[in-house]
Structure formats: structure tokens, C-alpha cells
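Using the sequences and the accompanying hints, generate a full structural model.
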Amino acid sequence: MIHSLFLINASGDIFLEKHWKSVVSRSVCDYFFEAQERASEPENVPPVIPTPHHYLISVLRHRIYFVAVIQSEVPPLFVIEFLHRVVDTFQDYFGVCTEAAIKDNVVVVYELLEEMLDNGFPLATESNILKELIKPPTILRTMVNTITGSTNVGEQLPTGQLSVVPWRRTGVKYTNNEAYFDVVEEIDAIIDKSGSTITAEIQGVIDACVKLTGMPDLTLSFMNPRLLDDVSFHPCVRFKRWEAERILSFIPPDGNFRLLSYHVSSQNLVAIPVYVKHNITFREGSSQGRFDLTLGPKQTMGKSVEAVLVSSQLPRGVLNANLNPSQGTYTFDPVTKMLTWDVGKINPQKLPSLKGSMSLQAGASKPDENPTINIQLKIQQMAISGLKVNRLDMYGEKYKPFKGIKYMTKAGKFQVRT
Amino acid sequence: MTAMQRLLQLPVTAVNMVKTVQSQVQGQEEDKSPVLTPDGVHQAWYSALQPDELRHLRSGAPVTISVSGMNQSIESQEWLRVSTARSTRFQSDATIALQEQGGSTKRIPLLVCELTGLIPVSLTGKEAESCFNWVTDTFGVSGKKAVILIKWVKILHDDLKEMLDSNKDSLKLEAMKRIVAMIARGKNASDLFPAVVKNVACKNIEVKKLVYVYLVRYAEEQQDLALLSISTFQRGLKDPNQLIRASALRVLSSIRVTIIVPIMMLAIKEAASDMSPYVRKTAAHAIPKLYSLDPEQKDQLIEVIEKLLADKTTLVAGSVVMAFEEVCPERIELIHKNYRKLCNLLIDVEEWGQVVIINMLTRYARTQFLNPNMNESLLEEGSDKTFYGSDEDEDEEEEEKEKKAEAPMAKRKPYVMDPDHRLLLRNTKPLLQSRNAAVVMAVAQLYFHLAPKAEIGVIAKALVRLLRSHSEVQYVVLQNVATMSIKRRGMFEPYLKSFYIRSTDPTQIKILKLEVLTNLANETNISTILREFQTYIKSMDKDFVAATIQAIGRCATNIGEVRDTCLNGLVQLLSNRDELVVAESVVVIKKLLQMQPEKHSDIIKHMAKLTDNIQVPMARASILWLIGEYCEHVPKIAPDVLRKMAKSFTNEEDIVKLQIINLAAKLYLTNSKQTKLLTQYVLNLAKYDQNYDIRDRARFIRQLIVPTEKSGALSKYAKKLFLALKPAPVLESPFKDRDHFQLGSLSHLLNAKAGGYQELPDWPEAAPDPSVRNVEVFTLLERVTTLTSVPEWTKCSSREKRKEKKVEKPFYSDSEGESGPTESADSESDSASGSESGSGLEESGSGSESEESEEGSESEEEEEEEKDKKKKKKELKKPVQESESEQSSEEEVRKHERKNKQRKSDSESESDEEEESESESSQSESEDSESEAEVKKKKKVAEPKPPSKPVKKECKKEKKEMSLLDLDDFEPAPSPQATPLNTFLSSSLVNDLEGLSLSDAVLSPATISPSSTLKSYELLHRITGEGLSVEYCFSRQPFPPDGNMVAVQMQFTNNATSDAKNLHMEDVKLQSGMRVKEFTEIELLPAGETATAVMGIDFCDSTQAANFQLCTHTRKFFVSIQPPVGELMRPVFLTENEFKKEQGQLMGMNEISEKLTLDANCRNEHSIVQRVITAANLSRVPCGSDKECRFAGRTVTSSSLVLATVASREEGAAQLTVNCEKMVIGTMLVKDILLALTQ
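Quick mapping for you: the protein sequence lines, in order, are chains X and R. Position 194 of the first sequence, counting from 1, maps to 369 under the working numbering, and the rest follow consecutively. Position 1144 of the second sequence, counting from 1, maps to 1209 under the working numbering, and the rest follow consecutively.
Keep in mind that the hints were calculated from the coordinates and are not lab data. Among the clues, some could well be false.
Covered, in the sense of this in silico footprint (three residues per stretch, anywhere, with C-beta under 8 Å from a C-beta of chain X), are these stretches of chain R [unchecked claim]:
(1) 243-249
(2) 406-419
(3) 813-825
(4) 1096-1107
(5) 1208-1215
In silico SDA-like cross-links for lysine to any residue, where the CA-CA straight-line distance does not exceed 20 Å [what the hints assert, rightly or not]:
(6) Lys478(X) x Val451(X)
(7) Lys588(X) x Ser592(R)
(8) Lys603(R) x Arg491(X)
(9) Lys607(R) x Pro490(X)
(10) Lys193(X) x Thr600(R)
(11) Lys512(X) x Asp606(R)
(12) Lys588(X) x Thr572(R)
(13) Lys273(R) x Met513(X)
(14) Lys573(X) x Lys1181(R)
(15) Lys242(R) x Phe269(X)
(16) Lys1134(R) x Pro490(X)
(17) Lys603(R) x Val646(R)
(18) Lys368(X) x Asn280(X)
(19) Lys196(X) x Met247(R)
(20) Lys1134(R) x Asp568(X)
(21) Lys588(X) x Tyr565(R)
(22) Lys585(X) x Val646(R)
(23) Lys603(R) x Met513(X)
(24) Lys562(R) x Asp363(X)
(25) Lys588(X) x Asp606(R)
(26) Lys193(X) x Gln246(X)
(27) Lys512(X) x Ser604(R)
(28) Lys233(R) x Leu257(R)
(29) Lys196(X) x Thr572(R)
(30) Lys1296(R) x Ile422(X)
(31) Lys1080(R) x Ile422(X)
A virtual CB, placed ideally from N, CA and C, is assigned to each residue, including glycine.
This is the structure in C-alpha cells:
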């Protein structure tokens, strides 16, 4: 399956390579570099590149290309999904997945890659098992290791792979038993010129951080499970139970994991939290354009809209923008033509606005494209779909765990066309 | 440049010193490692580079790299490659420096720093820091930006060697870490091989691991030395710890050294029969490694694969199928025996294994089953339309092909899905919910290639979900969606909006989404799609705009209604400022005009004007072609255009020139008066063109059109040749017909066959013998007994267990209950296709639940079928035993029976197999409740006492008669007559379980279970219960000790390795008024066995849970039982009049009605009755009207009457009315029944 893996940074240097079968020369990456040059944007490099003897399948995460070398037929998603899993694992281990972090921990990285694939076929990809095999570096452990010369590799032989619950390591012990669940929903929407919604859907996830002793068996039930349109589960969730009773029953992995991701598609269920009044015009013949933007809260259910960030790619003809924000700060990058306005919190009494003029290239005709406005925002303590967790029960262990649940709404791909 | 100058000023002596040091090194190394010398190529990179470096230093020239003097080592090639690829960067930044560092030490490091990461070794710690500082100071390279790699020629490796030889693990570890870091950066560390390989037996786990990493990387290059390590692994293979055995095998098989092939083969064979499933998994992984090393071993490896395929653990399944795919994908017959097992295990296999298995099974299914779409009408409508009459609306070509292939088959009998085919579809469906995109995609392609058309829809939602994943995932998924949306447009139509494009999408995603949108466009949605397209045209991404214009063109050709609108829109685009946009529009307009040119001469005129401005060759060529083609519509303009073009001829691109010639020729033919000279001029110019195509064309055309005395017969036809009516081009999707590649595969993505791609076979014309998938049971049994540990499958597959149960239930109810046709088909037609056609009829008749019944009805005759069922139970869910093979090998069967006896399972019969099966079946038949299926199953697993034979025989007869009766009398409405009997029955379930008395047997046939499937609930999961799993169901039996109690039947399964003792309950916590009658203590439940018990709970007509503790001799588990409201009642028998009277008294507050729309599968009376009875323990009240179904019951504790009515109207609308004194119960019941009817 996967022959080799090359890690390539933004400037085109191969800074790590790993081979699971015979060594494949680095020169195979030249095909990748060629494709990279052809692509206008970094994300436009095709994920699958055929070369005379190999196929290169790559993903771009954190400005690093993970390029897998394949020799024969394999489902491309298999490789892509695996590479993303590798990145997730790195992130889990090092906090961030940057070139520097990988270089600093090159040995751990290598050990991880060795365990995750055997002869190119995935072996152990569950983070719980990996953590049993190779302990993640922490500052304390790094210091202790340098002094005592001890190691990151687990002293005991791993048992996780053999257990009937392959995603959970055995013998977990905590003094504080806690289980936290974050319900995070993102609104993906396209709003057209007149302010009506073209599409809107909610993409939600429940991320869990479970630190419980022993082998707890949890059930999580919702007040309104019918809301969920389409769900995908962590392998630990008992599918039948969900089908029959709409209850999530599972033995959780230890630590952080994504329990569930779901989707609410019915458009009338999706509340659009903000509205945008915009007036972006260019006059024919003049080198000036008007820019006028006002934001206001729409359906927020009484919660305040925070961390609002507006960004827009202005037409190429715009040389500069001279704007006046009623609150927050704005920046305009004359090279990329990217306008960003960090609004902060929306005060319903005094709506934030950004007004002013744009100067265009003298003599150039008026640009005929209109910029789209991308909005990011956050609403705390509310899931916009109205999803509510009913209760969390624990079976199988005697102690009383501390349970916590948090709701949050964010804007996902929230675009306003002008 | 300053840096370079300073560098070059370094004293020559320093250089010489380095040189001497190096030569010493070489000398020493050659002494030390004899392995290195024989092949004469020294692997160390520095020796390869040295001449170059020195030359640069001496010559004083800027750093340019030459190959001369380099040997052929990998490093030198790489050096060359990098230097040529990035020569500018290299020259400016890469610098080779030499410095005396730290006067106190005598080391002379050669420091090499550059930006690109070329030179092998990096130092860590203090040394690196000081070097780094020196380099930055000296060269003024800004610190962070420069990645500084330092080559510490000899000293470093000496260091490492010293460290590796030391006694301290910490030093060894440090050295190994540095070496691994070198490998990670792609630097050569092969010269350290002897030093490293010594540590293979090191006690420290991390050192050992890193040594393994090193060994696997370099063993191939240093085969002789690698042999030194083999004995360590051989020892490891014998280790008592399974993990050590596994890791030894893993490394041993990863060392690519041909000499050890026999050792590897031996090790794999041994590991394949290891006790530990983990080791067996490793063995499966090792198979492809050995195969790639030595393909000669194929035959032996196939043997091992065959053996491992029979393995029943989820751990091994994925790996061995992967090995199968790599080594012998053509040996599809190896899968037969394991097919059902793989299907059943699938859900518990790890996700990567799932992908491989699903892909393999797709291929398998294509060779073994019939095309489910060959005559869909029968499946979809259940009508008796003829095959030919039905498929007019289908995809013509595809159908055409299929028709040819399948027609003879279809004539003979209607299509019936093989139960195994159904099994595969059913077991893969839940995986659409996987978090792993690859798994979802694999299931999606399986459904696309294998499922009946009506069922494919389910995958759309899951695929659309994947579109929110990473952009790479989106890319692949969209490619596949694009292909699917051509074949099955309807599937994605509801999700149209999910393919709308956002300005932030990468271009390649945008274009794919556009493709899908175009494929989905039809008359109804075209207006919304076109409105979307309008916004896209204003995008800043010009490639995307061009693609949008193409898409509009395709929509316009496909959908006649909007052609004019599209054309107008495109004409407007002609005045766009962006030339690319205009050019693209021209090309598309040209294609559109070709369809109806006469209407649009003004557009052609408009375009003629554009020739002055548009420079894009393709667009110019298109305009010229248009004018030429329709010169009759624009007689005045055409010659003028030609005049202008003749002027600029020499400066045009080739395609434009060709079109100018074309235009000239056409004009000459139609309007020779005006254009004769122009044509001559153009042809003359073309005659001397550089391009031979153009010269050829000119010569050809001159001969053709200009009449000379020599010109042949053709010139007469010149006008016909040039001005023939040309068919309009068809704008086709690039994704058309891509589905001949298996979807989701690399080959599909690239639209080219990738290496190792396994062709997806066409459906067979006639199904191969399905019996090849039947499995002989005794072999499996043997395995179980030989393994000391509890086999994994019993532990792992509780999920399937539940599923399996559900699957089997309807089977029984089918054969005994209302769906008579099945029974008759089964028993009457004992032809080879008997059971199949039976279940097929079923399927067409009664909707969804019948699908499940196929599972059971595999074998050919009724008796055999019974036997099969029994076997299946016995083995929990081992695949069905093939009856023929059984008969042929009766001895083996006996052996198997004996074994059964030893294991205290049911071994009722000593003599005849036939008899045993009969008795077995009859015995179960004789149970007097609707829960037969459930009870029987449990019994199969652990029935304590063998009943006497004669009784059984009688039962059998009884049963047969009854089943015939069923068909005639009870078929239309089985439940009302059936259920009331329950109330009269005095025998309890407990009695049943203790053995069959004659009275039971007599009574039992009278009970006809409604087809209700008794739902079983999980009380204790096997993981929580440490191996003990408990399930319960409401048996709907009267509970004799107390009539006010609801009988709850519990099934205990001991999955642990040790026996469970003293199973009883304690510490019952109840709401006030509730009472519990405990079940009798189970004293011993041996490992792997199952037992059943019944308890009674008086719920006081509430749905409050009963909480109690379930105790074994060691542990206590808190459990709770909560009844669905439908179980809190018992059926009563009322006549129609009584019902009406009672209903009249329960009006007003006591009546709750609810409107509903019936589920598509449950519009007939039969299924309504069935669903209601499943949801609530009610009995049916006879009723004159067939539009109404009435049900009656009484609550268990207070005996309040519960009446339910379902009145159906047209088109699935219906009204549900429940009358009950207890309003709470009524409300809840309405909800439950509503749910049952609408799902």
C-alpha cells in the first residue's frame, strides 16, 4: 500500500522521509514540485499525481505537504484518510503540527510512523494504543529524560491491541474523574445579495474529554435526538443502540476524542445569527468606490455574538481602502487585496459599521465582480440547532464522575454574496 | 558574497588536514568492516563529495557542482539533482565552509551549511549550537531561516560508534536517536551497520526499537551483516509473550534479505497457527512482505492465507484479506467458505480492514450473484408485469446490455436476490455511519455496484456528509459523485444545494462541484441552477468562470427549454471585459448555434465583429468556422471577414489559419464572385506556410474547389462536401462511463488503469452454485475446542449477535405465521430453486421485513432447513451447514455430535441425523407463544435436558398439519384469533424450558404467533459485565405466579473464560406499588454457555424502571428494566360490537387521536396489523371494513381497557385513535404506535 512518506514544507524542502518498503528515491518528489508550480494556490495541488512508476497522494495540513508514495492500486481515500490521521496524531502528541515541532521530535515521529504502518498497511492508528506504546513528550518528561537518560517508549508491553475494546487502554487511573463534552455547531450558509438565505446547514460535533478510571460504560441521551439528520460515530459508539433508542452508549477512549459529528440540514431549522447590510459600489469612470458595511444581530436567542471577524477579498483593481470602523480595527493588504475587519462583540444598541471609500487604479474600468464577505463569529452557551443533552449516565464503575457540558456556536463557511 | 570570499580564503592547510583525516578514516574503516570493501563502492557520502568540495575550495570559483569524479552512490546523484534543480538558490545560499573550531580540541570539523537540507548529519546539543553560532556569525545568515546542517565528518561517526559500544543504555539511546534522525532526513547512515546491529539484543526497549528501525532500513544493503541479527528474532519467535513473538515476526519479515526466505516461510507458517490472534495478525501482515521478496513462494503462501481466512477473529480478518488481495486476488474461490463469516464480522473489524474487505467483497459479489437490476420492476412494484414491459424507463444502453444477457434467465423465473447478497448489503449499511471517509466511500461504491436501484439512495446522504471534510477528501468524493450522478441522477437531487460553490473553495473543488451541478440539472431545477451560475460568472477566479460557461453550454444542450435563455446570457458575456470569458463564451455559443442556426443570424453578425478584438485562437477559430458554416445567413459580412483575415493570415495561430482556409473555401463555393481572388490569395499564402498541415490542407482544397481540367470527379461534389449538414456536437461530461472502473479506486480517479487494479467483473449470466458458501460445522467446532482461550468471535461480536437474532425471528414467523406463501413454496417445491423463489415471492409481497427472512431460508428442503437452523443456533451463529455435505460425511457429523454431548449442549438424538433435526424443530415449534423464535434460540444454546423422542415425533406431525391450516385459514389476519389463546394457556415459560410435556405439545400448535418480532433489550453488556452478557425481552406470556406481573425473559450468556456461579438478583429498588418476582437462581453457567430465566415485574401500569442488582458469585452489577408502554398490557378478545360499545364509553378525555402518514412499506392492512402488534401487546378485533384495523387489550395491573383503531385513507394518510381510561398510558401508546407505523 503506502510505500514511503515525504514531508515537504512550504518552501519546497523535504525535511522528513520514511520508507516502509524498499527505499524510494527523493527524486520522485520532483513530480510533486512540478504540480506545485503549476498550481496557483497551495491548496490547488491535485491530491493525486500519477508519475511513471508511482502515484503520489498528498494532503496539505498546517502548510506542510504530506506526500505518500504508492505503487499500485489502492483506494485514494484510504491513503488520504490515513495521512490526516497521521497529522491528527502528531497534533495530539506535540500540541501543534509544525515543521519545527516535527523536527524537534523527529525520533518520536519516526517511532509513531513505524507503529502506525506495517509494510504500508495501517496497524495501530488509535491514539490510545499509540500512547501506550510511545508516550507523548511533555516538558517535564523531556527534562527528566535528558537528566536520567530514560525514554519515551513505554516500559510495559502494550496490551491495548489485544483488548476487546481496542480504542481504550487498560488500567486507567485518575484521582479526579471527569467527563467533559463540548457541543460545537458550525453554521454553513450562503446568503445572497438581497439577504435571503440560499443554503444553510448546521454541522455539529461533540468533542469529548473523558478522564475516568477503569472501564466506564457511558450513555448519553438527548432531549431532542430527532433533530440530528445524519451522524457519524467514533467506533466506540454502539450503533444498534442508537438505531433503536437514539441513545449514545459507549465505552469511551481515554482522553480527547470526537464522539460524534452530525448534521442538521433542514434549512428552516437553521437560525442565521447575523445580518449584513452592505453597499459596495464602483462608479464607471471614476477612480473611487464606495464601501459601506453594517452588521447586526438577527436570530441569536438572546445570546451575544462575539469574536466577529469579517473578511473580504476585494477586486484586483482596488488599490487602497480608506475606511472608518465604528468599532474594532480593520486592515487592508494591498498585495493580496484582502480586507479584514476585526469587529469583536456586536452591541445591538450600537451596530458596528465600516464605511469609507476605495481607490481604484486610475483609468481602469470598473471591476465587474463583486466581492463576497466571509464572516466568523462565536456564540457561547448555545447550540444554534437547539440540541440539548439530556443526561449522562455511567455504568460499570462505582465512583461518581464529574460531568460537564458546554455548548458553542460558530460560523463555519458563512458567506454573504454582494 | 562576502561569505563566499571568506570561505575561499581559508588556508589550504586546513583543506589538506581534512583530506588526511578522511583518508585515515577510510583506511580504518576498511580494516574494521570487511564487508564494505569487497564491492568497492564506499557508501559514505563524504568520500563521494570530497573531491568536489576540495575543488571548489581551491579553484575559488562560485559553488557549482559537477559530476565528474563522483561515484554512483545515491548521495552523489542526489547532490547533483538538488544542485541542478535549485541552482540559483544553491549558489547564493549554500556554502561549504571549513573552520578550525575550538582550539583546545584537535578535531577539525568540516562544516557544511546550506538551506536545503542536503548534507547528512545534524548535531544536537552544545556542539550544534556552537557550530550554528559560528556559521551565523561568519556568514551573517539570519538564524532561524537558515537550516543549518553540519557535517562532522569522521568524529561524529566515531562518537556514535563509541556510544553504541558503551555499556550505558542512555548513551546507546542517544546514539540511536541521532542515527534515526539522520535516517529521517534521508541521510546515509549505512556505515554504522556493524555497530548498530550488535545492539539488536539490547535489553532496553527503546534502544531495541530504534535498532529495529535501523535494521529494517539498511538490512537490504548489508545483507551479510543483517544475518547476524536473525538468531535474535528466531529466539523471539519462541517467546512465551505473544507481543514479543509478534514483534519478532514483524521485524524478521521486514528485513528484505533473500537468504532468509525459508526461515521467514517457516516462521509465518508457525505463527499462522499461533494461539494468539495478534500473532496470527502479524503473520497475515508478513505474507505480502515475503511474497514481494520471493514470488516463488506463492503456492505455499496461499495455503497459509487459506488457513488464516478461516480464522474467526476480527483482528485477523482485515489483515488476511489484505494479504489475499496482494498475493492471490484471482483465487476468488478461497472466499466462498468464509464469505458469510466475513460479512458478519465486518462491523467489528478495524476500519482499515473494513475498507479492504468491502472492496474485495464487491468483486466477489460481482462474480457470484445475479444483477439485482435486471428486472427491477418486480422488486420495486411487486406487480406481475412482464420483464420486457417494465424497463422502458431505464437507462437504455445499460439495460440493453443486461437484457441480452439476462433475458433467458428472466423468462424462466423472476429475479430473486441471493440471501448472501442481501446479507452483504445489510451488514455493510451501518458502516455508512463510520467516521472514516474511506470506509464510507467503500460502502458507497459497494452499494453503487451491487445494490438494487431502489436501495442505492441511502449512500447519497453519507457521501454528502463527506463533503464537509478536508479538501482532499472532498476532491475524491466529488469525483465519485460526478460519476454516480450521471448514472443515477435522482439520488443526489435532494442534496443539490450541498454542491453550491463558495468563493473560498479551491479551484479544483469548484470545478468538480460545477460538474455535479451540471449533471443534476433537469427541467425542474434548471432555473435555480442557472441563477447560481450567474453569480459564479462574476467570480474572480477566471478558470472557474470559464468552466461555468462550459457548464451553461452543457445545460443548454441537454435541456431544450432553457436553450434560448442560456444563449442570451452567453451573448451578453461577449461584451465582458475579460478576454478569457469572451473566448470561452464564443466557443460555447458556437456549439449551441449549431443546433439551430437559422434563428440566430444576428448573433453571428455580432460575433463577426468580435474578430477585431478577440485574440484567443480557439475563439477566433470558432467564429470563423461559424461564419463559414452559415455564410448564407450573413452574405454581406462574410466576405469582409475573410478580407480582414487574409490580411492578418501570416500572424495567426495554426488553428486559426486552418479555419481561414476553410472559410475561404466555403465562400468560394457559395459566393465565388466576390471571394475568388481572396481565396486564391489565402491559398497561396498557405502554400508556403511553415506548418505542413496547413500546406496539405491548402493543396487539398485547391484541388477540390478550383475547377481545372485535371480535377477529378470529386470537385463536382465539393459543395456537398463542404456545406453538408453537420450534426450538432454533443456536450458530454468527462465523467461519462467512468464507472467501468470500480468507484473509489485510484484507477477511477485517474481514469486510467493503475498497476495492480483488479477489474470489476461483469455480472454472471447465471448464478454460480450458492451452496459453495455453506460451511461444514464440525471443522469449526474442532477449532473451538483446540483453542484454549475463548475464541474471539464470541466475545467480539455482540453487535452481530443482536442483529442475527433479529434476522432470524421473521424466518420463523414466516413459516408459521401469516406469510403462508413462503411456507408453501418451501415445502412444495423441492427443486433446487425452491427456497429461493419462496423468499423471492415473499419479498415482492411484503415489504421490508421479508428481506430479512431470506437469511434463514437458504437450504433446499424444509427438513434440511430446519436442520440448518438448529445447527446455526448451536454454534451461536456459525454459518449454515450444508446438508448435502453433511449426509455425505455422516461420520464426521457423529463426531461432532459426540463433541456436543461432551459440552453439555443439546444432544438429544443419538441415532439419525434426520430425526434429530425433526425432533429439534418440533420441540421448538411446540412452544406456546409468540416468542418462539426467541426462546428456541436460547434453548439451542443451552438446553439442559434432552426430551424424549416419541413426543417429539408427534409434535412434528402436529406442527405440519397446523402449518397447512395456517395457510388456508389464518393467512389474512393471523393475530386476533391467535393471541387471545395466550391468556388461556396455563403453562408458563419456565415449564417450557424445563422440557416438553405432552400437553404442551398439544397446546402449542394452537398458538400461532403473530409475526411480531419480540424486541430484546440489553440488560448487561458483555464488556461491563466482564464477560457476562444479559439480554431481556418481554415474552408476552402470562406470568402464572401472579397475574398482575409482566413476564420478563432474560437470557444470560457467559462469554468469559471462567464459569459464572450463583446468578441471582438482589437489592431491588422499586417505585412504590411495584413488585418483583425474582427468577430462580442459576447455580452454574459454564463459560461459553447460555441460560434463560424468567422473572415477573408488576410495573403498576407505569413505565418506571425496575432497578436491581444482578449478582454472580464474584460481582454485582446494577441494572434496570424499563418497559415500553406497549408491554404493560395483555390482549383481550372482543367482538366488533363489544368493541364499539366499549369505545363509546371511552370518549372525550379518554380518547386520543392523531393523524399520520403511513410509511410507504406499510400501507396494506397486513403490515399495519403487524406493526401495531409489534409495538403493543394487543389483539386484533375483527372488523367489517378493510379500511380500519382495531385492537384491544387490558393493562396488566389495573385491567383497564385499551382500544386502538387505525383508520387508513387514501395515499397513506391515516388516523390513529386510542381509547383508554388511563390517559398517560393512552398518550404514550399513541406515540409508540405512531412511531411504529411511520418508520
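#### Entry: Agreement of Lys196(X) and Thr572(R) with the hint, judged by alpha carbon distance not exceeding 20 Å
Violated, at about 35 Å.
#### Entry: Distance restraint between Lys478(X) and Val451(X), which requires alpha-carbon spacing of 20 Å or less
18 Å, holds
### Query
Going straight from one Cα to the other, do Lys193(X) and Thr600(R) come out at no more than 20 Å?
46 Å, violated
### Query
Given the hinted pair Lys562(R) and Asp363(X), is their alpha-carbon gap at most 20 Å?
Given that 20 Å is the threshold and the Cα spacing comes to 11 Å, the pair holds.
### Message
Does Ile422(X) sit within 20 Å of Lys1080(R), going by the straight-line distance between their CA atoms?
### Response
16 Å, holds
### Query
Are the Cα atoms of Lys1296(R) and Ile422(X) separated by 20 Å or less?
18 Å, holds
#### Entry: Lys1134(R) paired with Asp568(X) [C-alpha distance capped at 20 Å]
Holds, because 18 Å separates the two Cα atoms, which is no more than 20 Å.
### Query
Would the pair Lys193(X) and Gln246(X) pass a check requiring their Cα atoms to be no farther apart than 20 Å?
15 Å, holds
### Query
Holds or violated: the segment 1096-1107 of chain R covered by chain X, criterion of 3 or more residues with Cβ-Cβ distance under 8 Å?
With 0 residues in contact (Cβ-Cβ under 8 Å with chain X), the coverage given for the segment 1096-1107 of chain R is violated.
#### Entry: Outcome, coverage hint (the segment 406-419 of chain R, chain X; C-beta under 8 Å; three residues)
With 4 residues closer than 8 Å to chain X, the segment 406-419 of chain R meets the three-residue bar; holds.
### Message
Is the listed coverage of the segment 813-825 of chain R by chain X valid when you require three or more residues with a beta carbon under 8 Å from a beta carbon of that chain?
### Response
holds (count 8)
### Message
Taking beta carbons only, do three or more residues of the segment 1208-1215 of chain R come closer than 8 Å to chain X?
### Response
Violated, because only 0 residues of the segment 1208-1215 of chain R bring their Cβ atoms closer than 8 Å to Cβ atoms of chain X.
Comparing the model with each numbered hint stated earlier shows that hints 4, 5, 7, 10, 13, 16, 18, 22, 29 do not hold.
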